[in-house]
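J.: Residue strings, one per chain:
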Amino acid sequence: MEQRKMGDFGGIIHGGDYNPDQWLDRPEVLEEDLLLMKKANVNCVSLGIFAWCRLEPEEGKYDFDWLEKIIQRLYENGIYTILATPTGAMPQWLTSRYGEVMQVNAYGVRNYAGKRHNYCPSSPVMREKTRQLDTRLAERFGAHPGVIGWHISNEIGGNGGDGACHCDKCQDAFRKWLQDKYGSLEQLNAAWWTSFWSHTYTDWNQINSPSPRGEDLVHGQNLDWRRFVDSQQRDFCREEIKAVRSNSTLPVTTNMMEFFETLNYFKWAQEMDIISWDSYPDWHSGADELQTAASTAVAHSLMRSLKKRPFLLMESTPSVVNWRQINRLKRPGMHELSSLQAIACGSDSVQYFQWRKGRGSSEKYHGAVVDHRNGEDTRVFREVARLGKRLEKIAPRVIGTCNRPRIAMVFDWESWWAVKDARAVDNNLNYQAVFVDFFRPLWEFGVDVDMVDMEGELDAYSVVIAPLNYMYKKGYAEKVRSFVKRGGCYITTCWSGEVDDSDLTFTGAHPLEDVLGIKTEEIDVPDGYCENSVRYQGTDYRITGLCGLVHAKGAEVLAEYQNDFYRGYPALTRNAYGDGESYYIASLNERGFLKAFYGNVLRERGLECGLQVRLTEGVVVNERSRVAKDGEQVERIWFLQNFNREAAVVELQACYENVETGEKVTGRLELPSFTCAVLAEG
Amino acid sequence: MEQRKMGDFGGIIHGGDYNPDQWLDRPEVLEEDLLLMKKANVNCVSLGIFAWCRLEPEEGKYDFDWLEKIIQRLYENGIYTILATPTGAMPQWLTSRYGEVMQVNAYGVRNYAGKRHNYCPSSPVMREKTRQLDTRLAERFGAHPGVIGWHISNEIGGNGGDGACHCDKCQDAFRKWLQDKYGSLEQLNAAWWTSFWSHTYTDWNQINSPSPRGEDLVHGQNLDWRRFVDSQQRDFCREEIKAVRSNSTLPVTTNMMEFFETLNYFKWAQEMDIISWDSYPDWHSGADELQTAASTAVAHSLMRSLKKRPFLLMESTPSVVNWRQINRLKRPGMHELSSLQAIACGSDSVQYFQWRKGRGSSEKYHGAVVDHRNGEDTRVFREVARLGKRLEKIAPRVIGTCNRPRIAMVFDWESWWAVKDARAVDNNLNYQAVFVDFFRPLWEFGVDVDMVDMEGELDAYSVVIAPLNYMYKKGYAEKVRSFVKRGGCYITTCWSGEVDDSDLTFTGAHPLEDVLGIKTEEIDVPDGYCENSVRYQGTDYRITGLCGLVHAKGAEVLAEYQNDFYRGYPALTRNAYGDGESYYIASLNERGFLKAFYGNVLRERGLECGLQVRLTEGVVVNERSRVAKDGEQVERIWFLQNFNREAAVVELQACYENVETGEKVTGRLELPSFTCAVLAEG
Amino acid sequence: MEQRKMGDFGGIIHGGDYNPDQWLDRPEVLEEDLLLMKKANVNCVSLGIFAWCRLEPEEGKYDFDWLEKIIQRLYENGIYTILATPTGAMPQWLTSRYGEVMQVNAYGVRNYAGKRHNYCPSSPVMREKTRQLDTRLAERFGAHPGVIGWHISNEIGGNGGDGACHCDKCQDAFRKWLQDKYGSLEQLNAAWWTSFWSHTYTDWNQINSPSPRGEDLVHGQNLDWRRFVDSQQRDFCREEIKAVRSNSTLPVTTNMMEFFETLNYFKWAQEMDIISWDSYPDWHSGADELQTAASTAVAHSLMRSLKKRPFLLMESTPSVVNWRQINRLKRPGMHELSSLQAIACGSDSVQYFQWRKGRGSSEKYHGAVVDHRNGEDTRVFREVARLGKRLEKIAPRVIGTCNRPRIAMVFDWESWWAVKDARAVDNNLNYQAVFVDFFRPLWEFGVDVDMVDMEGELDAYSVVIAPLNYMYKKGYAEKVRSFVKRGGCYITTCWSGEVDDSDLTFTGAHPLEDVLGIKTEEIDVPDGYCENSVRYQGTDYRITGLCGLVHAKGAEVLAEYQNDFYRGYPALTRNAYGDGESYYIASLNERGFLKAFYGNVLRERGLECGLQVRLTEGVVVNERSRVAKDGEQVERIWFLQNFNREAAVVELQACYENVETGEKVTGRLELPSFTCAVLAEG
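Protein chains in written order, with my numbering: chain A, 1 to 682; chain R, 1001 to 1682; chain B, 2001 to 2682.
It is worth saying that the hints were derived from the structure and are not from the lab. Just so it is clear, CB atoms sit at the ideal spot from N, CA and C, and this is done for glycine as well. Be careful, since some hints might not be right.
[Stated by the list, open to error] To be clear about the criterion: a stretch of chain R counts as covered by chain A if any three or more of its residues have a C-beta under 8 Å from a C-beta of chain A, and this derived list gives those stretches:
#, stretch
1, 1202-1216
2, 1302-1316
3, 1426-1432
4, 1506-1518
[Said to hold, decoys possible] Counterexamples of contact, computed for chain B against chain R with all Cβ distances above 10 Å:
#, residue
5, Pro2057
6, Tyr2062
7, Gly2078
8, Ser2462
9, Glu2651
This is chain A alone, in the form it adopts within the complex (with noise of 0.2 Å):
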């Protein structure tokens, strides 16, 4: 068989975690695994995740066999491995030894031992053990021709808490890193606005992590210690990544989890060659899929926005989960739909959690390929074989593509913290919630976004999207006016451009406020007190959230409140700033408002869907287009995905091609209840 790796397999990846160090004693149930595997169309496995215990049985003893003679197995079976480090958990021999091993809280108590990513990031014992073991793992493995890279530990930070541990030897590490950052006591003060309440800092050794039981409620502190926690936890990492690259080539990655808090992404996304993430919808949950649909979507964007390049879906499941209150079974279509979504959305494999299902512990009944008791004769396992054959086929003319969005949202993990952080007038606010709101419209137009944070490049994109934008980080607003002078259009919202860096308040003016040509005051809620609405170009808009009172400086009103004390106030305005324009919107509102706003700007700026087509609700378009060396766009395909429970019509305004048959389509085109039918240039 060729060499192959991740980011160059030369087709569509289709497996999963597949844990046979569960099962050595029944050798025939590996043997039943090979066999089922290629019935599923299964080309891939991620092995060794948590198999601590089984590689390093005791301290410094080192039991690598077993998986080799899986490995090779497999391998000899066309099946490839991409090779964890079992880090995710630790061995029961560690954690009775070394108790420095185990994180402690924010109450300052150490915890005992089990659970996932329960180690110390600064612990010198647990970098120690880890170094020794990937670096064995990667003398071994490292040039093996089945195995096709790393996969770092598992699904980091997840400890069901904040992924931080307070111990001593961390407080010292975030003393040592502030120390590093700001030089002097007084400038730490000074950013951490220390005289409120008495807290400025005399000594270095003063400073601890924030606590519910001690002080939690210095912004700047509880910003720099997230930042740590992740400086921390990435560190870790980089050292897991280079014990793996001591003794090999293969491309790194680690499986993430969407917009997960703990971890700034886009700083984790620069260490590794490629991205990949475990994604676990909630199917069949809400009165319909659509707002699952567009969430997953949007953590798909994220997860291709961090390097502009296909990813990997890691870990996906083909039946159920368990760990939600109610877990219900994906319906028939449903997971190939949701598969194919992924692929859509940049994505180059689908891979599962879990191959089969094991007999003991909390995961038992999460659900799997393969179940306790039907091997291949299951609804499952014939949906994932049928789904296998569909990759397989329509692999060649999707490898090497991606979506190439010209809009981008501005998504910080900093701002994201500060704001969840702020303490103002709506504490129920959730931030995420209204990040996704104002993805959902594009999405439903079929325009694809990326997702940028404030350090990244705005000037590819024609237009970029800033909702709740709280922090402007050092040089953000300068990037933004060069952005719109030269022709971008900036669409942004009440409770932006806040704070800065040390999420200390701007004084003054609003850090855009020429771009946006409007003056702030105050900030409402009127939920619960009266109704209030928007209205736009004719309709009323009802506002369910943050409600800006904003005095128009220039720009000119393209929507007023309609009630209370500040009826007549500007709700939406727009700002002819050098070659470009800013649109600041004061309120959250119905989302009816965002498409029509939305779909003016689109059609302004000439961004509607490139696939010519006329859309019913619940259906939805995703493009992935393969650019020459030139740069010029040499193919684009299209994913037409129905979302809803029953079957819809959409009216193609060109001819396409059909890419797994071959067949032209045209006019009217029926999609039956979760399919997706991939559609390319005829």
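Here the structure of chain A is known, so what remains is to put chains R and B in place on it, guided by the hints.
T.: Chains R and B alone, transformed into the frame defined by chain A:
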């Protein structure tokens, strides 16, 4: 007076918890108590519960004189004593001197002094102090003619949590218990499936109790810990029993708390001479009284089933409790009705907590026969006194009878623990509520039911019902197979036969596939996605919870799902097997379904209510019968109970005798609200 | 300028908390503050709150110069200073060096540094550091002509919990306090009813504070612990007062927090020269403003009642707070109305938290007179400035007047603690909400009310109302008896006269059975079982909570229950006693009942609103009057407040003077929404 004892009292016991130790400085109160007890037709009290600080005011200094005086005075007045060991609460001198006697919680933090059942069952100090005191109590009172039995501690395990102590001594005892059970770590690792998440133990000392501070997701470990906690508490209790028996031949009981999760009462029953329990239904809390009444009936039935003999109602309130958020007065009649319900279900007593309200601390407003202010001049006192008279009247007909059901329901503590711990499709699943749902229609039909655990005998019954019978212990499947083969009717549901004794899933077919004639595949919770229903004999019944997708494999399909992709799948199957038959109910449905289904089974098996009556809703019947030495029933008594908030009319279809009036009754019988008629064969 | 001081300021104080210590590095901000204060008609600020780290940056190194400069600059500009001791928050050098200064919580865990009111009131170190700093502050500023009073600490006890420290030093102090109180353990055991659950103490060292980790069900112990916590905090405060008085004759206050459960403000009032408090009503949160306005009025009334003298509104927000989940802007007018409501109820000041929003930490978005961006050009600033002008105008008529009610309500902290701790029929009982329910109808009638505790004087009043007066302290029953005998009208309810000072129930008759003419039996909560109501003068009123079953024993029955087994039982009784009368309200009923009943009592006693007016709903009146040396009222001022969200019209039935315009007003008077008219006898 004649020599009496619990279980052979020669009448119905009537009285309750009496705390003269709170009033020793007010002798006039004690004298008034005697007078009022006689007026209230009280013949027995429980003494000494929580009186440790009075019985042993200093370490090793005992003072029993006050107690002897009271027992003697009561005896002289025709009132017998059930004497408690006072270990339910520890004295201050003990807790302040010996820290080890107090429990350590799951977070590793030792409790402070106070509360009840705060003792560590592994503490040598606690065991020794208890042994000394109990031995002396037995020495002094074991032969007193006024004392009729021993009441070991009080509501054992009721520490407001899970009854467990996690101290080092308990951890050691747990490890020892595991060594005895498994012999080797290899066996333990296999049973606990520790290869999952690198949990493998390589040294016994690595093992600890489950803790939210560390690991609590290893189901096998959780299950063994619960078994150990139960076993250790039982061992402590066994030592108390040994101590009192050292000097006394009186029967022993401890007051249980119905479906108390912590303790496996089937095992506890083996330690006791007689079963007793504390019943506190929440009357007047719902739209009607029926769910409360059914839940109470199932609890009484469990208690009777533990020894298949009459039990004692050891505590109940004559008016209100004070520990719910809202505590409503028992309406007129309800006290008599609920007390007679206990008798109807197999109790030979009606005992109260408490005789007299104390003046201080948390139970001062708990209902009592005697309140703070009004002596005998209260509604409550009058109702208690009237009930006492009725009990005296019916006693000669009741004593010696018992309920003798032909139907059993499988209730097994270990399966309960496992099904609660499971993380699967419906993590809101309330096993106990479902169990009551499966009991209630039988109760409405006037058909008594026994509970058996998986170690119990099935062959005495005609029908065995096993809802959500998640765990199949070793030998259980064989027992059921043999039961059906010999002609029994076995009724079970989805979510049964999933795991073995170690909470490891079975692989391959369902363990009773042959008996049930079905193959199981998936399980779903349709709720919230789409309404689904089951059509049975022409009627549609809404599905209310779990919904198994199974395939008939020999069984006859009696009902089918009506919607969703599993429309037409079997919802109820019947399979003939040997001389018997089995039914599989695939989904949890609204109440009417079981009523219809059970009605058919009862008719076919001739198991209808023994009283010839046409019941109306809210009127139920229990039957107690007397059996001659040759096993023949020589007398049957029925308790016809109207739980409606209005009068109800039933139609007697034979002639009966009203046990209390001696009158013949037949045809139309009106029962006022909250009343109970006691009938015998006319 | 003339010499002024708190309580003799010669005008209405207007200003608020000022934190220049957060801006010392920005002198231009401080200069702008001065300018803006003048524009805002501010005449007084509070300085130094939380400034410990600026005043004593290192242990023993004091720096007061910056403060002196600011006080001086303010003084030169006509702005006075209320100077705070900065103990509300401890500096880092203190907490990091002396662990003992931080509180230990009820679980026995010491807090980390941070937050407010985290100090242990028993810590000798904390006391000494405080004494030294306070003494020096008084030395330096005690005679400064710009300083008008001392503001001891800030919101004492407000540690987010119950204000208690459970450290060893506090445990020792508690034991000492108990020894002083009880003399012997025998007395203590009797008072705490420790024979219950074997709680008897045999050594003082066995006693600890109540804890959820151990025992918290001994009501007598809980009550004494609360008394001790209050006493210990008061003792600490007394030492602060002593320190500032060592070098200053200025009056002393501390800012209270209305019905703050931890501290018995009737006792604290005795330590203070003048009462002040912080008021943060949740305007615009309900269907209308009336419940919020009534709750605010009752709190103002409590504060005035503490010394029966005008008090200071020490904090309020000029716009929003930021610590509720949803914080709505004060609508136009509401700031003036709510500020004048404070004046109307007896305040001689309107002070704000805060003058200027800080840039960092948790209160940066708390409302302020000056925001981050717009200086004087905001709606909020303009409203504050306008109010300042109004206050100046009305001051000459207001200063020297006070409200002088003829009706008192009994509010006693110890009874509150006990009734909250009680576990009885309704454990959802919200005592404080019921208290407001009993106040609101009087407020709607335009009738002022004082609050008295059980040690207060009753004879000054015509009517005394004591709802849910659970505890009767020693001497209270006698006091009421004498009050009624002399002609007073005493109104009380069920759930009164239950327990004595030790939270031990009374035995025998209700302590006021003779005065009330009733015998009490049971108590119920009909809600959820059956709707019940009270018929009074032909109208039925729904019962909404507790429902006592009592029997008339001499009293006249004025209303009866309409349903359930207690249909026909007395619901309202009247009993003539001596020259007076008592009313017993047996149940908690919907609002209309009290309105009807109070209306009759007010008419009979001639206690109607002093302003001749026909009010409409939502318009209320308070009256302040000036009394000559001979006790005669020489002037009466009325504050006519419209809390409706629309304009309202009232009918003046005499001629009055508008205090601000000098105009005569009579007949129809329209009040715009959220306005207050100030009238005097015309």
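J.: Hint by hint, note whether the structure agrees.
T.: Each hint tested on the structure:
1. 1202-1216: With 10 residues in contact (Cβ-Cβ under 8 Å with chain A), the coverage given for the stretch 1202-1216 of chain R holds.
2. 1302-1316: Since three or more residues must qualify, the claim that chain A covers the stretch 1302-1316 of chain R is violated, with 0 doing so at under 8 Å.
3. 1426-1432: holds (count 3)
4. 1506-1518: holds (count 5)
5. Pro2057: Check passes; 39 Å lies beyond 10 Å.
6. Tyr2062: holds (42 Å)
7. Gly2078: holds (57 Å)
8. Ser2462: For serine 2462 of chain B, whose nearest Cβ neighbour in chain R is about 31 Å away, the distance exceeds 10 Å, so it holds.
9. Glu2651: holds (45 Å)
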